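S.K.: Please put together the full structure from these sequences, using the hints given.
Residue numbers (my numbering), protein chains in the order written: chain A, 1 to 346; chain B, 1 to 346.
Treat the hints loosely; a few may be bogus.
Because identical chains cannot be distinguished in the list, a pair is counted as satisfied if it fits within a single copy or across any two copies.
Said to hold, decoys possible - Within a straight-line C-alpha distance of at most 25 Å, the following computed SDA-like cross-link-like pairs (lysine to any residue) qualify:
(1) K299 / A246
(2) K309 / H287
(3) K35 / S187
(4) K299 / P288
(5) K299 / L224
(6) K299 / A165
(7) K200 / P20
(8) K299 / L245
Honestly, the hints are just simulated from the structure, not real lab data. Treat the numbers as computed from the prediction; the structure is a model and nothing was measured.
Chain by chain, the residues run as shown.
Number of protein chains: 2
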Amino acid sequence: MESAIPLHLETTRTRHKRVPDDYQPPYPSFVARYKPAVNRVVMAYFGLQYSGAAPPGAMQALKDLAGLFAGEGGPSHWDRASYADQAGYDNVVTVAYWDDVTRFDAWFAPAREAWTGRVREGVGTFVEVLRPVVARHETLFSSLDRPEGVAVIADGMSGEVQEHAYWGGMRDRIPLSQTDAMAPGGSPELIRDGARLRVKAHDNLCLIRSGQDWSDTEASERKLYLDDVEPVLREGMDFLRDEGLAIGCYANRYMNVIAADGSASEKSYGQSWWKSLAALERWAESHPTHVRIFGAAMKYLSTLGPSAKLRLYHEVTVAAADEQFFEYLNCHAKTGMLAAVETVTA
Amino acid sequence: MESAIPLHLETTRTRHKRVPDDYQPPYPSFVARYKPAVNRVVMAYFGLQYSGAAPPGAMQALKDLAGLFAGEGGPSHWDRASYADQAGYDNVVTVAYWDDVTRFDAWFAPAREAWTGRVREGVGTFVEVLRPVVARHETLFSSLDRPEGVAVIADGMSGEVQEHAYWGGMRDRIPLSQTDAMAPGGSPELIRDGARLRVKAHDNLCLIRSGQDWSDTEASERKLYLDDVEPVLREGMDFLRDEGLAIGCYANRYMNVIAADGSASEKSYGQSWWKSLAALERWAESHPTHVRIFGAAMKYLSTLGPSAKLRLYHEVTVAAADEQFFEYLNCHAKTGMLAAVETVTA
Chain A
1 MESAIPLHLE TTRTRHKRVP DDYQPPYPSF VARYKPAVNR VVMAYFGLQY
51 SGAAPPGAMQ ALKDLAGLFA GEGGPSHWDR ASYADQAGYD NVVTVAYWDD
101 VTRFDAWFAP AREAWTGRVR EGVGTFVEVL RPVVARHETL FSSLDRPEGV
151 AVIADGMSGE VQEHAYWGGM RDRIPLSQTD AMAPGGSPEL IRDGARLRVK
201 AHDNLCLIRS GQDWSDTEAS ERKLYLDDVE PVLREGMDFL RDEGLAIGCY
251 ANRYMNVIAA DGSASEKSYG QSWWKSLAAL ERWAESHPTH VRIFGAAMKY
301 LSTLGPSAKL RLYHEVTVAA ADEQFFEYLN CHAKTGMLAA VETVTA
Chain B
1 MESAIPLHLE TTRTRHKRVP DDYQPPYPSF VARYKPAVNR VVMAYFGLQY
51 SGAAPPGAMQ ALKDLAGLFA GEGGPSHWDR ASYADQAGYD NVVTVAYWDD
101 VTRFDAWFAP AREAWTGRVR EGVGTFVEVL RPVVARHETL FSSLDRPEGV
151 AVIADGMSGE VQEHAYWGGM RDRIPLSQTD AMAPGGSPEL IRDGARLRVK
201 AHDNLCLIRS GQDWSDTEAS ERKLYLDDVE PVLREGMDFL RDEGLAIGCY
251 ANRYMNVIAA DGSASEKSYG QSWWKSLAAL ERWAESHPTH VRIFGAAMKY
301 LSTLGPSAKL RLYHEVTVAA ADEQFFEYLN CHAKTGMLAA VETVTA
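M.R.: Below, the structure is given as structure tokens:
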């Protein structure tokens, strides 16, 4: 048993973790481990949006993006997913990860101009970037051998960690929680730059990407996931998308992962922006929609036990104000962090 | 909005509460307020046990107890409940409350001799007493105007309190949590004193009494409680009774309250002894049996909203080693805290 907090980020606590030192989680979980030399990671969400049939510019934009990724300084890993949003638009979101912020910065300046710097007919584009110090970030995996998201660029996986399977584990896995309550500071603001809209959020904005992979499940387990768990998960994701703002969820996307060959996969993830880690904690712990998700997952896992083939993971970041970048071009007003600000000109 | 921790027990924190200062609970709850002069309360569980038809000595014992209660120094309030235990015995438990430990001590010495100091044919008796400083104790009520248990002897009820409706609220309501993790110290030990068996437990043993009152419910709400909530609650109570030891629950009783006139009431409560507050927290937050209880209760309350007539309350104490007393006479080996120790002589 090891701590989710890597040794080199352990510090003298001014805040206690939520469980006693002899706490034993009831089942194993693992976290991504970066090389100690990695002090920041970058996660960049490149979104593309259109209504109805895909305009020619949409496919071209994705090709252009792939070209940028393949160029000098491109990401160590990227994946792609799609979803239909609440305004009826199709969205394709490509998430790219770096473990070297200098490399990212050099790459990003021209890439940003190519992505949100030119209008494409019938296509909206956006980019949402966090570049947290690793002390503001945590991951959690239900099993080894298949990293997802930011964990793909990590050095490897931990052994079994202690800080999971209790409410508050998410916070306790973030190294900064040893000394900082990570309270939010301020409100999101809109910045107009011609047709480009930027959102300046605030200190301690929180991002979660929380995924599931049912590609290894068979027969009865697959049926149990698709019939009993997925619909409850979808209902919770829809709630956050449509009614999340009142409880501190600025935006939520429930994404279907697209395989490398462009086909549909048996993986999905929810990705959401939150006013604070505390707001995310409150929803997860006590909102009826997540209590139902948790109940369905508990029933599923207690029915199947260690034989369950469903894979679950998440990554959570609480970003400082200067670790964030949000830019939208030609997107509808409920896209991503635009939903958190008033974009209509009086 | 006020803190559950009374002003005169507020102290400089070395430990943080689990929610930010601007946390707003989603529905109102209240706590019992004692007069500031009250520095300890006493809760004494007087149990009586028999198998099959009630022996003549059982009714006589209850009459004797009522006589003791009515005498000089008797409790400010008492109530009575019954349950059939896992060994097939009927148990009648009378809980009595004092807010003056000196008065209790004077009263208890002869009362104890009368209760667990003489053998009654076919009848076991036990007494389980906590006498915590109020800083080691908390209560919670879903509504005003009908105090239960220890709250009956309080000065009154608070206004709406902040520290509830999140996991960790129970701990945050206990004033000692401001500075103390309340970790358990040691293991329960059996002390033989002739036929009397005493259990010396350990520092920071935890007691919860958690009750429900459906007497005001009507028609569809009553049906919802009895059909959808109560069976799930009973399943969780049975789990704690039969399999609780492995997760730190020494004993659990799911009691039916007996009205003052001796008839059945529409009130029940679970009462359990725990190795630590942390063990109780872990069960409540993540064990499938309580997750189902919580899910059923959430569904019930979100269906009914503020019109719900079901009343819920609890009281929780984390007792210091010298605030406890457990004594059993002629009881079976799984009675109360006896279940936590080996009583068979080699």
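S.K.: So, for every hint listed, does it hold in this structure?
M.R.: Results for each hint:
1. Within a single copy, K299 and A246 get their C-alpha atoms only as close as 29 Å, which misses the 25 Å cut-off; across copies the closest is 20 Å, which meets it.
2. When the C-alpha separation of K309 and H287 is checked against a cutoff of 25 Å, the pair qualifies only between copies, where the shortest distance is 21 Å, while the shortest distance within a copy is 27 Å.
3. For the identical chains of this complex, K35 and S187 are neighbours neither inside a copy (34 Å) nor across copies (43 Å), given an alpha-carbon limit of 25 Å.
4. Taking identical chains as interchangeable, the C-alpha atoms of K299 and P288 lie at most 25 Å apart whether they share a chain (16 Å) or sit on different chains (7 Å).
5. When the C-alpha separation of K299 and L224 is checked against a cutoff of 25 Å, the pair qualifies both within a copy, at 10 Å, and between copies, at 22 Å.
6. Taking identical chains as interchangeable, the C-alpha atoms of K299 and A165 lie at most 25 Å apart whether they share a chain (14 Å) or sit on different chains (23 Å).
7. In the homo-oligomer, the alpha carbons of K200 and P20 lie at most 25 Å apart only across protomers (23 Å), although the nearest pairing inside one protomer, at 39 Å, exceeds that limit.
8. Only between protomers do K299 and L245 lie at most 25 Å apart by alpha-carbon distance; the minimum there is 22 Å, versus 29 Å within a single protomer.
Taken one by one, the earlier hints fail for this structure only at number 3.
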